[in-house]
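*Asks:* Can you make the complete structure from the sequences, with help from the hints?
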Amino acid sequence: MFQALVNPDRFMAFSRWAAPLLGVIALVLAAAGLVLDFQAPPDYQQGYTVHIMFIHVPAAFMSEFVYACLGVASFLSLVFRHALATAAARAAAPLGAGFTLLALITGSLWGRPTWGTWWVWDPRLTSVLVLFLFYIGYMALEAAVEDEAKAARAAAILALVGLINLPIVHYSVVWWNSLHQGSSLLRAGGPAMPAVYLAPLLLMVFAYMAGFGALWLVRIRGEVWRRRAAVLAMRAVA
Amino acid sequence: MISAVSIEGLGVARGDRPLITGFNLALEAGEAVALAGRNGAGKTSLLRAIAGLIRPSGGRVVFRSGDAEIPPEDAIARDAHLIGHQDGLKLSRSAWDEVLFQVLWSGGTAASARSACARLGLTNLLGLQVRKLSAGQRRRLALARLAASPRSLWLLDEPLAPLDRDQRAVVGELMAEHLAGGGLILAAAHDPLPVTARPVEIGG
Amino acid sequence: MFDFDAGRYAIFVWPAYAVTGLVLAVLILDTLLRARRWRRAAEAAKTLRPEGDTPQ
Amino acid sequence: MSGLALIFRRELALSWAGGGGPFLALGFYIAMASLLPLALGADPARMASVAPGFAWLVLALASLLSLERMFERDFEDGALDLIALGPAPLEMTALAKGLAQWIAIAAPLALLAPLIVTALGAPMRLAPIVVICGLVGGLSFCFLGGVGAALSLGSRRGGVLIALIVLPLFTPPVIFGAGAIEAFGVGLDWRTPLLLLSAYSLAAVALCPFAMAAAARNAIS
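Chains as they are written, first to last, in our numbering: chain A, -14 to 223; chain B, 41 to 244; chain C, 378 to 433; chain D, 12 to 232.
Honestly, the hints are just simulated from the structure, not real lab data. Any given hint might turn out to be false.
[To be verified] Mimicking DMTMM-like on lysine to aspartate or glutamate, the simulated pairs with C-alpha atoms at most 25 angstroms apart in a straight line are:
(1) B:K172 with B:D204
(2) B:K172 with B:D206
(3) A:K135 with D:E102
(4) B:K172 with D:E87
(5) C:K423 with B:D56
(6) A:K135 with B:E113
(7) C:K423 with A:E133
(8) C:K423 with A:D132
(9) B:K172 with D:D92
(10) B:K172 with B:E198
(11) B:K172 with D:E83
(12) B:K172 with D:D88
(13) A:K135 with D:D92
(14) C:K423 with A:D(-6)
(15) B:K172 with B:D137
(16) A:K135 with D:E87
(17) A:K135 with D:E193
(18) A:K135 with B:D56
(19) A:K135 with D:E83
(20) A:K135 with D:E79
*Replies:* In structure tokens, the structure reads:
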């Protein structure tokens, strides 16, 4: 499996069928998740807003999952200088930012009816907000440095520094929250998750992951083509 | 103490564009080589690759002391000078502060710095701010560490460009003494070096 | 079978789904268009200089 | 004299003398503090409650100010090449740059902070905790800032880019520092946040030089 991803040509062949397959899996899982989602009875406590949970929790999970992928790709790109890892890191960042933005918007829409304010300084939402700033910093750095190879390495270093800081940020925000306002509703543990909600939730999480997998592979293919075009164009000039 | 440098199949690229491929060169103690080639051929990148600042895309550089091989980082950090296009001097500081730092940093002493400055005719400029010095004077400040800090391998990139005729003569003497003492010089230059040097073409 | 009656929460639930759909659509479109654009660029650059023939 | 001492003396001289040294950051700090009551109204009760948090946040921002010079000048005039090939590795140089920045910028800010806090209406007894947090937290701000400065080499938009990269990383020190000051003010447990802040700062001093050196090598390659 790893061998297929290391060599660019073999990766292109592998991703050629893997990407659409993951896309289809994502659609199927999402459809199943939504069907179960809208059959579930409204939650006695949150009422109908519980349905937002089915698209907020997967997005929040993906925002961190993608950052972990970004960190691993950056590490491989920095240490092994592997062109594919660099392409993977570059391709992952915008997707991660997208999921993080989704998590923030759906989180705020979920918090609004229960808390009465558009933005709720809940520890999980605040961590997602800081994570969003990490993504913005990553993409800003990559865009600002002129030389592409140097931009990729600088951004990879920042991604690793960010990855190390992520758990610390989580902890500091949770500690900060305990200082200011008691516990909160959206805590990961939260009220026990009724079984009827667990199935759709898991389906949606796996749907998001499969979807991300498909998009990531396609974006990496795009990066590989972009680099090939750049190299060929340069050689034609040389 | 580097006594020989052998470059084996070195490849240097800028971004995706290969500048130099399969470059070979053997440099022995007491020998000077002049790198020639049109601008952009990669002379500067080659020197920076030998100095370890740029990662070569292929091949390797071997430093030997006698017949023992020295790891490149130690060889460069302890026993090589790299003088690039820029002089690395802070405009707001005094000439003496800057040249003293450059000399101490490359292993010289305050005394050797003062004598090197005297040799290069810089003594009465040392109190001035670097901002007030001409390009030639600044270049000589940067070259002072060659005389003040004993290092065997000199990697020079257009070292004499801003200097006038008799200043070049002084630097020529320094080079001759360095070669006589078993030193090695690898210099990129358009006009010929003031010492006898083996010409090597880059990117022909 | 499906309980779509959001009642007074409708203005929160449906926008959440709408935004999710929108952002995902943007991500998918951007990804596909970008990949196609670079694929065409790569193929164009390749035909410009077929293998083996190096213009002097 | 060892390489580290040599480069540290140079960095200190450069940070302290160049560009007005600490006065730039101190001036910024005073200016921001004077604007606060103009923005929030001078009601003493409100000012007293806001002052510690505000003073701490602006101290973090002020330490961003002169970061650009940390690597940018050596990169542009070619000194970074010489420094990279010297007796001390780049990691040591990065450590020296961070410490010099801390002494020349963060320490003066930390000493000014209690004046700012009391001037804004906070109780006088907050002064010691503000100084300690300023000094300890200043290490995090300087070393994280150094990583931002090194990473943004090779881009022309240094200043804002550094802030954008570094501010999210300031989250833990800002939280712990402000938490310690506030806890001290209301008589709660201020030791825990202070210890957490110290732990973060020490980790920053230990790890950031590696990131700075890697970024610097990347820039000069």
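*Asks:* Next, verify each hint and record whether it holds.
*Replies:* Comparing the hints with the structure gives:
no. : hint                : verdict
1   : B:K172 with B:D204  : holds (18 angstroms)
2   : B:K172 with B:D206  : holds (22 angstroms)
3   : A:K135 with D:E102  : holds (19 angstroms)
4   : B:K172 with D:E87   : holds (19 angstroms)
5   : C:K423 with B:D56   : holds (16 angstroms)
6   : A:K135 with B:E113  : holds (22 angstroms)
7   : C:K423 with A:E133  : holds (22 angstroms)
8   : C:K423 with A:D132  : holds (24 angstroms)
9   : B:K172 with D:D92   : holds (23 angstroms)
10  : B:K172 with B:E198  : holds (23 angstroms)
11  : B:K172 with D:E83   : holds (22 angstroms)
12  : B:K172 with D:D88   : holds (16 angstroms)
13  : A:K135 with D:D92   : holds (16 angstroms)
14  : C:K423 with A:D(-6) : holds (15 angstroms)
15  : B:K172 with B:D137  : holds (14 angstroms)
16  : A:K135 with D:E87   : holds (16 angstroms)
17  : A:K135 with D:E193  : violated (43 angstroms)
18  : A:K135 with B:D56   : holds (12 angstroms)
19  : A:K135 with D:E83   : holds (16 angstroms)
20  : A:K135 with D:E79   : holds (18 angstroms)
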